Amino acid sequence: MTQPGRLLRDAAQIAPSDGTWRAVVRVAVSVGVPLLVCWATGHIEWGLYASFGAFTSLYGRFEGYVERIVMQVQAAVTLLSAMLIGTTLSVLGAPVWLRIVAVAVMATIGAALAGRLRWHPPGALFVVFAGGATASIPAGASAYGHLAIAGGGSALFSLLVTTVLAALRGGLRERYEPADPMSARRAINQAWLAGATALAGGAVTAALGNGRWYWGAVAGVAVAGGSHMEVRLRRGLQRFVGTLGGVVIAAFLLWLHPSPLVAILIAIAGQVGAELFVTRNYAIAMLFITPLALLMVELAAPTDPRSLLTERAVDTALGVIAAAVVVVIYDRRQRA
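Numbers 0 to 335, taken from numbering that gives the first Met the number 0, label the letters of the sequence shown in order.
Any given hint could be a false lead.
What the hints assert, rightly or not - Pairwise CB distance ranges (calculated):
1) Ala206 to Gly139: 26 to 34 Å
2) Ile13 to Val104: 32 to 40 Å
3) Gln12 to Ala93: 38 to 46 Å
4) Leu91 to Arg174: 40 to 48 Å
5) Val230 to Ala300: 32 to 40 Å
These are calculated hints, taken from the structure and not from any lab test.
Everything numeric in this text was worked out from a predicted model, so none of it was measured.
For each residue, glycine too, the CB sits at the ideal point set by N, CA and C.
Could you build all of it, start to finish, from the sequences and the hints given here?
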């Protein structure tokens, strides 16, 4: 069993910088430009779709140029599919339980693809976030157009940025050498764990009547992203602590009532901070990710800030706890 003291020490460690400033700038441009276009064209409410499409740029950070492009195409198709399914569930007014089950299925499929195809970042967190959020936000038929323009356009822009940079550095002439696929058995195990944690996190938070139950699902699948139980529990602790700190920062930012443009600039800065620390210490990265996510949600669907902040903290805590229980049970069964 994992020792609490060791878990706390490991969670507090900060890994050395990997010096990936080029990747940080590439992601910042890929995320920032679509958001600024949404603001400039008077469609700030499309920003959430644009943000999810821009998740494409996060993939393949440590890959060669050609491998990165291929991985981002795969991720873009998966993300857009998740958004399409989530939007359809919202448009149809599907019951909450069906939305949660659908997101759990997305987590299962997303984790299987990520494992089998060796995506980086691994896991299905971004797929669950995109699918869960779009399934939760009220939407009409016009949302399909918003998704296509903002989400699809943002994903294409991310691919364009990656491809242009690769061409400028002669990377398109490289030979395509994908990583060896993960064994089918291991990929299936990771997929089922991701689905179970997403289902548990989403169900527990939805039981409280919270409209943003997907935060619990996202927290749950974040825990499942580790390679073994100790890493998973550490990620859960880091997710919880980092989210609490991020909620405090977000509370201050929302108290300032930033204009949409300022909120977008803050979100871009938050993305830079997240990219700098996400591979070094997940808790520190969450200090940037949490305000970024809350600002984007507030721009897309303005609501009571106190409710927004409280639900984020509570849903994350419940999602992490539910996922930790699933992870421990899974580990014991694997050892049996």
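Each hint, compared with the structure:
1. Checked against the given bound of 26 to 34 Å, the beta carbons of Ala206 and Gly139, roughly 28 Å apart, stay inside it.
2. At about 36 Å, the beta-carbon gap between Ile13 and Val104 stays in the expected band of 32 to 40 Å.
3. Between Gln12 and Ala93 the beta carbons are some 42 Å apart, a value that agrees with the proposed interval 38 to 46 Å.
4. At about 46 Å, the beta-carbon gap between Leu91 and Arg174 stays in the expected band of 40 to 48 Å.
5. Checked against the given bound of 32 to 40 Å, the beta carbons of Val230 and Ala300, roughly 34 Å apart, stay inside it.
Checked against the numbered hints given earlier, the structure satisfies every one of them.
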